[in-house]
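*Asks:* Take a look at the letters that make up each chain.
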Amino acid sequence: MPEVIKIKKGVDIKLQGEAEKIYASTDAPSTYALKPSDFPGIRMKLKAREGDEVQAGDPIFYDKDRPEVTFGSPVSGEIAEVVRGEKRRILEVRILADQEIRYRDFKAADPAALGRDEVKGKILQAGMWPVVRQRPYNIIANPNRVPRDIWVSCFDSAPLAPDADFIVHGQEEEFKLGIKALMQLTDGKVHLGVDGRTNPSEAFKIDGTQLHRFNGPHPAGNPGVQIHAVAPINKGETIWTVGLQEVIMIGRLFKTGKYDAQKSIALAGAQVTKPRYYKLLNGANLKGILEGNVANQKNRYISGNVLTGTKISSEGYLSYYDNQVTVMPEGGEDEFFGWLAPGFNKFSISRAVFSWLSPNKRLNLDANMNGEERAFVVTGEYEKVFPFDIYPVQLLKSIMIKDIEAMENLGIYEVAEEDMALCEVVCTSKIPVQETLREGLDLMLNELGD
Amino acid sequence: MKLFKNILESVKPHFVDGGKLEKYYPVYDGFATFLFTPGHTSHSGAHVRDAIDLKRTMVTVIFAMVPALLFGMWNAGNLHYGALGLAETVGFWDKFLWGALKIVPMLIVSYGVGLGVEFIFCIIKKHQIQEGFLVSGMLIPLIMPIDIPLWMVAVSVVFAVVIGKEVFGGTGMNILNPALTARAFAFFAYPTYMSGDKVWINTSAAEGQSVVDGFSGATVLGSYATGGEVGYSTMDMFLGFIPGSIGETSTLAVLIGAAILLYTGIGSWRIMLSGLIGALAMGLIFNTFAEYAISPEQQSFMAVPAWQQLIMGGFAFGLVFMATDPVSAAQTDKGKIIYGFLVGFFAIMIRVFNPAYPEGIMLAILFMNVMAPLIDHYVVQGNINKRKKRLATVKAA
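Chains as they are written, first to last, in my numbering: chain A, 1 to 450; chain B, 1001 to 1397.
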């Protein structure tokens, strides 16, 4: 076992409503959706039209700048609706699923016996390439590059995140096959990051990969944090990251020749009556698992976790990279002298709020901002939850003034929104950190390309 | 609570767009958010947010200053009656009340004038009211002598808020600590009210009272600077039974405040600790070289034990409450250590070497406020260079 790398900075927000490790059954949802907003920095072109019949794996979209990158349909069925917003921007493409899913056959193969281009070609062909993302910029990987390394974080440290060992159980073979495929794509190593606080599953020990153990609070499970702790990204370098369940999907492709987009989803949060795990296909409509299973209040539905997830409606769809669905109270009530109240049931890293009296209590937090936006005043608080050798406030300020050289010098290549999400949470001045960082990343991408 | 809500709701139409008092929306908003933390919810990024906001931060600092304020009220009364030879006969509450009657008007003037100026700027600039002055407004009376006329407090506050803060863009943008800007203004504009040995103790005698024989109103630092007799024990200095600016005398009260700031995590331990070390370092250097002093006064001052420097004058108060102001201090963790060290170092140096400024902490902090961006620049540059070096090694390999 490799030695444990300690991540000192960060914080675990303890929330109510952790999912019980049981798979609940549900009727297969009838509609599915692909949302272009899940893929920043990509100009999408529709390939299918309303009314078209597709099979699982058939392209729905493609990347205008790189037509070989397609976005495969998770199910077979009919393109039911293209939902558009302002300026005819596509918000969602909804697919009405068949009862029995018909899969396009991409031919099973042993990745170890294939060359790099054949492995890549198969993933691209199946419309699955978007599962591979790259740093810098945290966007879909450029398939024409060979990355320095490929990173798979085998645990999620975010609040109420699904348990990696539980998910991988029963899919060890697919996971291994997926890793074998990834090993063909880099001249460097495939790195696996596991939770040093637990005794991780044997499934993560694979010959030829580099295993790292990380011990620490969130964001220790973020690939960005792990890469930074082991071998930081330099200017000009590319690292690809693939999520745990996405590796399993790639494994299935090579095992069965199908794009089988099944994922284990943790339905969690204080408002959920029975927080459980569900097996769903990517992009699934969530109405079925939410209806009758949530408290009858003003709720906020989130695809993803409370730090980085996307707000959806109670009849919304699972986003592309998400492994959990969280339901929390919306809040929205004015609070009389809220800035003076003790705040026993609120979260804070500062002891100026009295929740420090009960540090282990699981909280039921709502979406209140708890204050108004201000200029940067308090210093040193981002640094407590940001385990990078990077000056976060200075980086954000360089983004605000659009100084590309300063952004590059200050280390923007190494971070993604998820890595700075906790900075946003703890910010006294309520600065929109993730939005700002995304603006910076998009600006760099436009100016310099990937 | 319902009542306040109703009042706010009933006047709101006047302040929103199209209302009669549309221009004064920031004032309305300031009061409304003071009474009710607005219930708006996150619309981008993280869905949960820390319960802390700037109001909470500021009010915590104010709580931390309360021990110093209360002690200052009692001490002002105690010194006043002491000068009249009545320290033994006048009771605790009478002394406290006497001080409170002098100090509460200063607080009212400071807050009233300061917030008034802020409101005017916010109305002109159409900004929300920011909370920065809540702390400055309390700090300013605490670092003034007891006998300063109220109008001087008012003028200093106006200067501090306008020149010290608003011209730079308001809270979070200022270079100098606003409270110290007010004090420095008063110090140079009205020196006779801000220094010497007449201003620290109120000696106004009522009928039938008179100042006792041999009374001296000199501060401890003043006595050292002029070679005078120091009539206070170190315990007096630590507990604060000595003349000085209103809030600065009791090291104990300041330490209680420091404990609150450090435990809540609002004050920077890096600045406080390194400031302490910086002051001790300078004190020890003086102790070592005391024999080379150019005058007997200076020699006796240099020979003061380094630890005793910490409990005299405004050093402790300045270091805890003003050097740690996050806006004007260094902002990087490493920078804070350098900044704090130099604040302590220069405070003792100015105090001992320059008899014209018996209290060095004010000028030391202001000087380091100016230097803080430079310190940060080099700290951040160090980080940048490290990254560039890493890149160079990778390229070479």
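These are calculated hints, taken from the structure and not from any lab test. Please read all numbers here as calculations on a predicted model, not as lab measurements. Hints are not guaranteed to be accurate.
[Stated by the list, open to error] Here are the simulated EDC-like cross-link-like pairs (lysine to aspartate or glutamate), alpha carbons at most 16 Å apart as the crow flies:
#, chain 1, residue 1, chain 2, residue 2
1, B, Lys1388, A, Glu18
2, A, Lys189, A, Asp110
3, B, Lys1389, A, Glu237
4, B, Lys1002, A, Glu408
5, A, Lys6, A, Asp38
6, B, Lys1386, A, Asp334
7, B, Lys1005, A, Glu237
8, B, Lys1005, A, Glu202
[Stated by the list, open to error] Example chain B residues on the side facing chain A (calculated, C-beta under 7 Å, incomplete):
#, residue
9, Gly1019
10, Lys1023
11, Ser1044
All C-beta atoms, glycine included, are put in the ideal place defined by N, C-alpha and C.
*Asks:* Enumerate the violated hints, using their earlier numbering and listing them in ascending order.
*Replies:* Numbers 1, 2, 4, 5, 6, 7, 8, 9 and 10, in rising order.
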